[in-house]
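From just these sequences and the hints, can you work out the full model?
Taken in sequence, the protein lines are chains Y and C.
Take 0 as the starting number for the first sequence in numbering that gives the first Met the number 0 and just add one per residue.
Take 0 as the starting number for the second sequence in numbering that gives the first Met the number 0 and just add one per residue.
Read the hints as simulated data drawn from the structure, not as lab findings.
Fair warning: there could be bad hints in the mix.
Claimed, not checked - Over the 10 Å line for every Cβ pair with chain Y, so calculated as not near, a few chain C residues:
{"no.": "1", "residue": "R103"}
{"no.": "2", "residue": "V114"}
{"no.": "3", "residue": "L121"}
{"no.": "4", "residue": "A251"}
{"no.": "5", "residue": "A257"}
{"no.": "6", "residue": "A261"}
Said to hold, decoys possible - What follows is a list of derived Cβ distance ranges for each label pair:
{"no.": "7", "chain 1": "C", "residue 1": "E104", "chain 2": "Y", "residue 2": "R284", "range": "49 to 59 Å"}
{"no.": "8", "chain 1": "C", "residue 1": "Q268", "chain 2": "Y", "residue 2": "T220", "range": "37 to 47 Å"}
{"no.": "9", "chain 1": "C", "residue 1": "D212", "chain 2": "Y", "residue 2": "S107", "range": "55 to 65 Å"}
{"no.": "10", "chain 1": "C", "residue 1": "V139", "chain 2": "Y", "residue 2": "G40", "range": "51 to 61 Å"}
{"no.": "11", "chain 1": "Y", "residue 1": "P167", "chain 2": "C", "residue 2": "Q268", "range": "45 to 55 Å"}
{"no.": "12", "chain 1": "Y", "residue 1": "D166", "chain 2": "C", "residue 2": "R40", "range": "33 to 43 Å"}
{"no.": "13", "chain 1": "Y", "residue 1": "E16", "chain 2": "C", "residue 2": "S270", "range": "11 to 21 Å"}
{"no.": "14", "chain 1": "C", "residue 1": "F271", "chain 2": "Y", "residue 2": "A129", "range": "39 to 49 Å"}
{"no.": "15", "chain 1": "C", "residue 1": "G29", "chain 2": "Y", "residue 2": "G40", "range": "36 to 46 Å"}
{"no.": "16", "chain 1": "Y", "residue 1": "A125", "chain 2": "C", "residue 2": "G29", "range": "30 to 40 Å"}
{"no.": "17", "chain 1": "Y", "residue 1": "R152", "chain 2": "C", "residue 2": "S270", "range": "45 to 55 Å"}
{"no.": "18", "chain 1": "C", "residue 1": "F192", "chain 2": "Y", "residue 2": "G123", "range": "43 to 53 Å"}
Beta carbons: idealized from backbone N, C-alpha and C, even for Gly.
So the chains spell out like this:
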Amino acid sequence: MAVASLTVDGIAKAFGETRAVGELSLDASPGEVIGLLGPNGAGKTTAIRVLTTIYPPDTGCFAVDGIPYTRPSAIRQRIGVLPESAGYPLNQSGEEFVQYFARLFGQSRKSARETARTLLTEVGLAERAASPISTYSRGMRQRLGVARALVNRPRVLFLDEPTLGLDPAGQRQILALISEVATERGATVILSTHFLDEVEEVCSRVIILNRGAVIAEGPVTDIKRRAAPRTARVRIPEEMHESALAALRRAPGIAGTHAINGARGLMSATLEGDASGKAGNAAVRALLEVGIPILSFEVEGGKLSDAFLALTGEAGE
Amino acid sequence: MTTLTPEDVRREPASQLAAGVGGGLLVIAGQELRDIWLSARGPAIVIGTSLLLSLLTYLAASNEELNIIDQRDTVNLVSQIAMALAVGVSLLFTADCLSGERERETLESMLVTPVPRRQIALGKYMAAVSMWPVLLLVAVPYIWVLREGEGVFADAMLGALVVGTLLVIGFASLGLLVSIFSGSNRLSLAVAFFIFVLLLAPTQLPLGGWFGDAITQINPMTAGSTFLHRVIVKEHGWGEDLDLLIAPAVWAIVVTAAAFIATGRLRLQGSFGR
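Now the structure itself:
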């Protein structure tokens with residue numbers, strides 16, 4: 000069994016009366032990408048700042064690669080961080096910048112130069128390595144930030160909103176890089192983001208925070224199943240409304256059904272189970288067996304975004 | 000879930016902290032020195048100082064009608080201008096060094112490196128005070144040209160070196176202290192510059208009576224300035240006015256000690272002015 004590269008046990012952080020993070024716990028294994036989700040002000044950045052030793056936790060404890068949080072300097076040797084709003088010295092070149100940080104991690108001048116060249120090649124900035132950072136686009140700066148965060152071959156990589164403000168191509172590049180870091184380097188990646196599609200794409204697990212509290216945690220599929228049941232939106236001839244409702248209620252895997260906005264011929268059926276489609280098939284079969292023609296059949300929900308909205312909406316009420 | 004108990008938690012060994020001593024400090028100081036001296040900032044200040052001292056020296060040395068002060072006074076003036084510029088520039092550099100990083104959002108990336116926070120601050124401090132020896136060197140040829148009488152050059156150079164070093168150390172530490180706690184760069188620069196002007200202004204005022212004497216003795220700028228004036232212009236021996244070095248020395252020691260202690264409290268956000 001792989002040793003956890005990050006162990007968090009009930010950390011909490013408050014600023015005055017405001018709880019920023021409360022009782023966050025998790026175990027992360029090498030190569031795992033964990034999504035940290037939540038609306039603005041949910042506590043994602045504070046959680047990352049606690050785990051990266053910027054803020055000490057008020058309660059709870061954590062360890063990176065077995066190193067307890069009371070040894071921040073040793074922890075910093077093992078983590079890489081791309082902060083939410085990372086600034087860059089615009090007059091330096093990308094290579095100088097990465098080299099400088101490699102030196103801060105104790106590398107010799109020669110080794111730092113090699114590290115910088117290797118990493119800039121990996122993030123696709125080799126050709127612009129000698130250009131001043133002031134000439135870099137936002138996407139290039141983010142990739143540079145990822146390169147900088149990798150100078151010490153971190154066991155855990157914290158990325159706070161790495162794709163914010165990037166165009167789709169830039170987002171794709173960063174996501175590919177994240178997957179590569181996890182699979183090829185075996186690093187644990189903690190990815191804080193607003194973009195739920197990204198999480199579905201690269202994360203194996205998610206933690207959803209709202210107002211400092213963990214409101215859901217688990218594999219992406221579990222969260223989707225738990226919090227966002229899929230529904231089928233069915234249109235049938237108006238005169239067959241009652242018989243269609245009755246047929247759907249009898250079908251296996253249908254948790255409930257009702258007319259949408261009281262309209263005849265338009266109804267919604269809640270599908271039980273995961274995204275395998277069995278309940279949807281059963282609904283279609285049930286209608287056809289009693290001779291009801293289906294004018295349209297759309298399956299909705301079951302996305303992480305639906306789960307996210309359901310969870311954060313509930314928590315907010 | 001692997002639960003960590005308090006027994007698992009060990010204090011960070013001193014050896015771990017000591018491992019980075021020197022390394023990170025020198026890397027940061029080196030980078031900051033490059034930023035100052037290989038960018039426009041450092042050379043521009045040196046050129047500006049040279050131009051100012053050249054003008055002053057030219058007027059003093061070549062035009063007797065325009066020259067209303069004698070050459071000993073001019074030597075004193077050149078020394079004091081070089082010193083005041085170095086103090087002001089070092090102060091502004093250190094006042095900017097951490098609050099500026101906060102504002103440019105580059106501090107967080109530094110704080111997550113294994114370099115201890117004290118070394119981050121001290122590395123920047125070391126680079127900022129590098130302005131002083133350079134400006135003193137710039138002043139050397141001017142003082143040499145203007146020297147008149149035996150021992151003036153040595154007295155002026157040594158006096159400026161001692162007084163300037165104490166003042167630069169103290170004021171640069173003040174800038175660092177303000178920068179550590181300031182959340183805003185503008186506020187940090189304003190506070191540091193205000194204190195500088197407040198202490199510099201009495202050097203330009205005719206101070207007399209017991210109050211004037213007290214200000215002269217207590218204010219490190221007036222004390223240092225008066226010391227230089229007496230040694231260079233009045234030709235006093237060094238031993239005669241050593242009491243005037245107490246204020247600059249105390250200022251340097253106290254403010255530097257306070258700044259050194261505060262460097263351990265460097266945080267991502269400043270304590271005021273956010």
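Comparing the hints with the structure gives:
no. : hint                        : verdict
1   : R103                        : 4 Å, violated
2   : V114                        : 5 Å, violated
3   : L121                        : 14 Å, holds
4   : A251                        : 29 Å, holds
5   : A257                        : 23 Å, holds
6   : A261                        : 18 Å, holds
7   : C:E104 / Y:R284: 49 to 59 Å : 58 Å, holds
8   : C:Q268 / Y:T220: 37 to 47 Å : 39 Å, holds
9   : C:D212 / Y:S107: 55 to 65 Å : 57 Å, holds
10  : C:V139 / Y:G40: 51 to 61 Å  : 59 Å, holds
11  : Y:P167 / C:Q268: 45 to 55 Å : 34 Å, violated
12  : Y:D166 / C:R40: 33 to 43 Å  : 35 Å, holds
13  : Y:E16 / C:S270: 11 to 21 Å  : 18 Å, holds
14  : C:F271 / Y:A129: 39 to 49 Å : 41 Å, holds
15  : C:G29 / Y:G40: 36 to 46 Å   : 40 Å, holds
16  : Y:A125 / C:G29: 30 to 40 Å  : 25 Å, violated
17  : Y:R152 / C:S270: 45 to 55 Å : 35 Å, violated
18  : C:F192 / Y:G123: 43 to 53 Å : 44 Å, holds
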